[in-house]
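There are 2 protein chains.
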Amino acid sequence: MRYKCTVSYDGTMFHGFQIQGSLRTVQDEIEKVLLIINKKKTIIYPSGRTDSGVHALGQVFHFDSDIEMKEENMRNAINSRLPRDIYIKKVEIVDENFHARFSVTKKEYHYLIDFGEYDPLKKNYRYYYPYKKIDLDLVYQASQIFVGEHDFRSFTKNQKLSNTIRTIYSIDFEWNSSLLTIKIVGNGFMHNMVRILVAMWLECGRNKYSLEDLKSILGEKNRRFAPKTAPSNGLYLFKVYYD
Amino acid sequence: MRYKCTVSYDGTMFHGFQIQGSLRTVQDEIEKVLLIINKKKTIIYPSGRTDSGVHALGQVFHFDSDIEMKEENMRNAINSRLPRDIYIKKVEIVDENFHARFSVTKKEYHYLIDFGEYDPLKKNYRYYYPYKKIDLDLVYQASQIFVGEHDFRSFTKNQKLSNTIRTIYSIDFEWNSSLLTIKIVGNGFMHNMVRILVAMWLECGRNKYSLEDLKSILGEKNRRFAPKTAPSNGLYLFKVYYD
Chain A
1 MRYKCTVSYD GTMFHGFQIQ GSLRTVQDEI EKVLLIINKK KTIIYPSGRT DSGVHALGQV
61 FHFDSDIEMK EENMRNAINS RLPRDIYIKK VEIVDENFHA RFSVTKKEYH YLIDFGEYDP
121 LKKNYRYYYP YKKIDLDLVY QASQIFVGEH DFRSFTKNQK LSNTIRTIYS IDFEWNSSLL
181 TIKIVGNGFM HNMVRILVAM WLECGRNKYS LEDLKSILGE KNRRFAPKTA PSNGLYLFKV
241 YYD
Chain B
1 MRYKCTVSYD GTMFHGFQIQ GSLRTVQDEI EKVLLIINKK KTIIYPSGRT DSGVHALGQV
61 FHFDSDIEMK EENMRNAINS RLPRDIYIKK VEIVDENFHA RFSVTKKEYH YLIDFGEYDP
121 LKKNYRYYYP YKKIDLDLVY QASQIFVGEH DFRSFTKNQK LSNTIRTIYS IDFEWNSSLL
181 TIKIVGNGFM HNMVRILVAM WLECGRNKYS LEDLKSILGE KNRRFAPKTA PSNGLYLFKV
241 YYD
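In the order they appear, the protein sequences are chains A and B. In this text, residue positions in the first sequence follow this note's numbering: the first is 1, and each later residue adds one. In this text, residue positions in the second sequence follow this note's numbering: the first is 1, and each later residue adds one.
So here's chain A without its partners, still in its complex pose (with noise of 0.2 angstroms):
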C-alpha cells in the first residue's frame, strides 16, 4: 500500500533532501528508518528537491509498502526513529494512483528577509539583509512582474532542462515587524529559481537594475544575465498542494 508523508525538517544540518553518496541527507535519514519498519530497502518520492540550508513546513513523499499500518501508528513509528530535525505531521495511506512528484498542482514556497538587528538565534532561519538601503516597493513592484507564465530560463541554475516554462500564481509580501515574508505559489519551481527571483528583486530595490532591466533579463532567457542567489536559510517549502 501507498503512503503520503508530509514531513517538516530544518534544513541547517542537511546537504539537502536528495541522497548524495555519504552526505547527511534528509532522504537519507527517511530511509534509514523506513528499512526498519518496512524490513526491507523502501525508496521514497519525494514532491522535488530541496537544497542544503533549505526547510521544509509542509513538503511531502511517499513510499510503498507491505505493511499495513493505521495512519497514525506509522506516523509515529517513523516519527520515533527520526532524528529531531526531521518530523512528520501526517500520514495518509492513498491510492496507487497518487504519486508525490507527479500529482503536483501546486507549490508554495516562502523566503524570509530580516532588515532589522541580527540576531544569532535566528540565523539559520532568516537572511539578515545587510544592507539598510533599499526601496521595499520597488522590490515589490519587481517581484510582480514575474507573476504569470513565463520562460524563466534565465532564473534557474539548471540551463539544460528543455522546459523552462512556469506559471507563478502569486507572488505576496507579508511583514511582520522588519521581518518581511515573501509567499510564492505556482505550478513547478527549477533549481534555485525561488533564490535567484528574490535576490534580483533585492537588487533591484537597491537599484542596481532597473524595472526594465528585470524584464529584459526576463527575455534572455539565460542565466548569466541574473548572476545572484539569495542564502538557502532563508527558504522555505511551505506547502506542496494536489487535487
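FYI, nobody ran anything at the bench for these hints, they're computed from the structure. You may find that some hints are simply not true.
Copies of one chain are not kept apart here, so a pair can be met inside one copy or by any two copies together.
To be verified - DSSO-like, lysine-lysine: derived pairs with alpha carbons at most 27 angstroms apart:
{"no.": "1", "residue 1": "89", "residue 2": "123"}
{"no.": "2", "residue 1": "123", "residue 2": "239"}
{"no.": "3", "residue 1": "228", "residue 2": "32"}
{"no.": "4", "residue 1": "183", "residue 2": "70"}
{"no.": "5", "residue 1": "160", "residue 2": "70"}
{"no.": "6", "residue 1": "183", "residue 2": "122"}
{"no.": "7", "residue 1": "239", "residue 2": "122"}
Since the structure is predicted, the reported quantities are computational estimates derived from the model, not experimental observations.
With chain A fixed as given, assemble chain B onto it according to the hints.
Showing chain B alone in chain A's frame:
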C-alpha cells in the same frame, strides 16, 4: 579603559560560556577576537556562566583594554570577527568600578515550554513538553511558592556553596498560543537553579508532587529531594540589571 558589552548568543553549539580547555565556548570565541583587537591576551568577565545549550539575549561581560575606541567602533570591530552564533548588541565605556559580575543587582531568565505539536525548526529553542496531561494552574501555583527570599539549596547542582540564600522577585507566566514563557527575576541564580525549579513545577502539574511536597523540599535544603532538571535548550539569560 573598561568596556561593558551586552551580548546575545545561540547556546546550541557551545559547551557553555566559560573556557573549558579546547572545547568550543562563548568566552573562548570572544577572547580570540579581543586578542586580535587588543594585540594581547584579554580576559572577559561575565555576569555569570551559562551552561551548554543555554541561550542568551542579554548576557553582559566587561574587559579592560589600552585601546581607545568609540563604543560603536569597538562593537563593529568585535562583531565583524565573531562567529555567527554570537553577537554584541551594545558596547559601553564604563567606570573602572563597574564589574559585570559583582555589580549585578538583578537577573532575568526566561524558560520556554511548548505544549503544542513538535516543530523540528525550533528544537534547539524551546522545551517541547512530552506529556499532554498537565494542570497548568498547578504549575503556576507551584512556581509562586518560590517568590521571595529562600534558601534554595535543594534547587542547585552545586551542593558545596556556603550561601544558598537567594531572592526571587517575580515569576510570571506569559502565553502565546501553545508556548509558555516563564519569566523569573531574582537577585542571583545558582548552577541549574532555574532548570531544577521549572522541572519540579512541571512535575507538580502532573501530580508527581503536591504543593505541600514542594514546600517541604524547599525546607529540606538538599538536592536529593529535587532530582529533575529541565532541558537547557528552553533557557535564556534574558537580561542582567545594574544600578
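Now the hints, each set against the structure:
{"no.": "1", "hint": "89 - 123", "verdict": "both (24 angstroms within a copy, 15 angstroms between copies)"}
{"no.": "2", "hint": "123 - 239", "verdict": "both (23 angstroms within a copy, 21 angstroms between copies)"}
{"no.": "3", "hint": "228 - 32", "verdict": "neither (36 angstroms within a copy, 33 angstroms between copies)"}
{"no.": "4", "hint": "183 - 70", "verdict": "neither (34 angstroms within a copy, 41 angstroms between copies)"}
{"no.": "5", "hint": "160 - 70", "verdict": "neither (43 angstroms within a copy, 53 angstroms between copies)"}
{"no.": "6", "hint": "183 - 122", "verdict": "both (19 angstroms within a copy, 21 angstroms between copies)"}
{"no.": "7", "hint": "239 - 122", "verdict": "both (22 angstroms within a copy, 18 angstroms between copies)"}
Violated hints for the displayed structure, listed by number in ascending order: 3, 4 and 5.
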